[in-house]
Amino acid sequence: MTGVEPRISDHEVEQIVGRLLQLGVLLAAFVTLVGGIMVLVHHGATPAAYSVFQGEPAQLRSLTGIIRGAFRGDARSIVQLGLLLLIATPVARVAFTLVAFALQRDRMYVLITTIVLGLLLYGLLFGGA
Amino acid sequence: MTVLTLALLVACGSFAAGLLGALTGLGGGIVVVPMLTLFFHVDIRYAIGASLVSVIATSSGAAAAYVREGYTNVRVGILLEVATTVGALFGAALAGVTPTSILAILFGVVLMFTAYRSLLPRPEHEILTTPDRWSEHFRLDSTYPTAEGKQAYSVQHVPAGFSIMLVAGTLSALLGIGSGIVKVLAMDQTMRLPFKVSTTTSNFMIGVTAAASAGVYLHRGYIDPAIAFPVMLGVLAGAMLGARILSRAQTRWLRQLFTGVVVVMAVQMLYKGVRGLP
Numbered sequence: 001m002t003g004v005e006p007r008i009s010d011h012e013v014e015q016i017v018g019r020l021l022q023l024g025v026l027l028a029a030f031v032t033l034v035g036g037i038m039v040l041v042h043h044g045a046t047p048a049a050y051s052v053f054q055g056e057p058a059q060l061r062s063l064t065g066i067i068r069g070a071f072r073g074d075a076r077s078i079v080q081l082g083l084l085l086l087i088a089t090p091v092a093r094v095a096f097t098l099v100a101f102a103l104q105r106d107r108m109y110v111l112i113t114t115i116v117l118g119l120l121l122y123g124l125l126f127g128g129a
Numbered sequence: 130m131t132v133l134t135l136a137l138l139v140a141c142g143s144f145a146a147g148l149l150g151a152l153t154g155l156g157g158g159i160v161v162v163p164m165l166t167l168f169f170h171v172d173i174r175y176a177i178g179a180s181l182v183s184v185i186a187t188s189s190g191a192a193a194a195y196v197r198e199g200y201t202n203v204r205v206g207i208l209l210e211v212a213t214t215v216g217a218l219f220g221a222a223l224a225g226v227t228p229t230s231i232l233a234i235l236f237g238v239v240l241m242f243t244a245y246r247s248l249l250p251r252p253e254h255e256i257l258t259t260p261d262r263w264s265e266h267f268r269l270d271s272t273y274p275t276a277e278g279k280q281a282y283s284v285q286h287v288p289a290g291f292s293i294m295l296v297a298g299t300l301s302a303l304l305g306i307g308s309g310i311v312k313v314l315a316m317d318q319t320m321r322l323p324f325k326v327s328t329t330t331s332n333f334m335i336g337v338t339a340a341a342s343a344g345v346y347l348h349r350g351y352i353d354p355a356i357a358f359p360v361m362l363g364v365l366a367g368a369m370l371g372a373r374i375l376s377r378a379q380t381r382w383l384r385q386l387f388t389g390v391v392v393v394m395a396v397q398m399l400y401k402g403v404r405g406l407p
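If you read the protein sequences in the order shown, they are chains A and B. Mapping to the numbering used here: the first sequence position 72 is 72, numbers consecutive. Mapping to the numbering used here: the second sequence position 173 is 302, numbers consecutive.
Source of the hints: derived by calculation from the structure; they are not laboratory data. Check before you lean on any hint, since a few could be wrong.
Claimed, not checked - Derived lysine to aspartate or glutamate pairs resembling EDC-like cross-links, with alpha carbons at most 20 Å apart:
1. K325(B) with D10(A)
2. K325(B) with E14(A)
3. K325(B) with E198(B)
As the list claims (entries may be wrong) - Per the computed footprint, the stretches of chain B lying under chain A, defined by three or more beta-carbons under 8 Å from a beta-carbon of chain A, are:
4. 130-137
5. 349-362
Quick reminder that beta carbons are idealized off the backbone N, C-alpha and C, glycines included.
Using the sequences and the hints, build the whole thing.
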């Protein structure tokens, strides 16, 4: 029986993590670029008012609002979706590392990685509230 | 100024920041917030949100290359990320109740510290292989590639390194920076990892740390699309170009130039902060 033999080596994990990060950044940059150009086309001529903090409207702050807006073709929501994909990239990396440690039957690091993933999801899904 | 003009100028400035940050190894994130607040009069909260997003982009982009070279210590990274993410969530909570003038002063202090550290010579310490209780418990000891083949190293002072990472995470969230300087300090000086392992593992952790607080800031409305997109794309493009021409560039005078910029920004941030005090 090969119960103790790791199914995935550290080296393989590193290769996949590297690819995952690259893909996430490229995809996020592409979506952000498309949305950014649309923002400039639609809102480019409006005066910039960022010296006083007002906060973003609710639909650009919640995950569901952003996704809904992006599918409607709203320029600002598409930028937010790209930024959201970017924020999700390290989260996906941690999730993948968790799977890899589980395949290696490394209990201690499964626990440690679960804590990190939990903290990240807490911030991303609930805004740390 | 219109949204279009601002976006184009911010994109150019961010490109320069990303390029210099990659060439000097100091990271571009540290100058994005001062640039936005001092030159473009953007509120520091929008600036922090945009900067954090750019930090995730450059660190994930660079980490992709480093991880595959075999320098990064993934176990050290994950273990210390517990500390940096806790620190980041704490820092994000703290940012909500901290006056912006205090944030500006703290930023000035961190910029000064960065300039000071970047001018210090960087002596390579010897690689230790003495066993450490904590390091053995968490199985942190590893090897890294050198010209003479794989070199084994052991990790020292894990609890102290973990504590410094709590501070690094808090600073990252409060100021919208990667705080790579503090992370490298903890790993290189305290935990005695080889320098190349410290820098790559630090870079690996920066994205995760920044993602923790960026998620919070997104919900809090700090991330504005029209500010964040030129910053993110500009810094990313600059950093990618920087990584490509790094081997051919004269980094010594670039480092001095960048340090000069950091000092000027530090003074201005301190002035801005003190003037804003009630």
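Are K325(B) and D10(A) close enough, with their CA atoms no more than 20 Å apart? Since the Cα atoms of K325(B) and D10(A) sit roughly 19 Å apart, the hinted pair holds (cutoff 20 Å).
With a cut-off of 20 Å on the C-alpha distance, tell me whether K325(B) and E198(B) pass. holds, 11 Å
Is the coverage entry for the stretch 130-137 of chain B by chain A consistent with the three-residue Cβ rule at 8 Å? holds (count 7)
Do at least three Cβ atoms from the stretch 349-362 of chain B come closer than 8 Å to Cβ atoms of chain A? holds (count 13)
Going straight from one Cα to the other, do K325(B) and E14(A) come out at no more than 20 Å? holds, 17 Å
Consistency note: the structure conflicts with none of the earlier hints.
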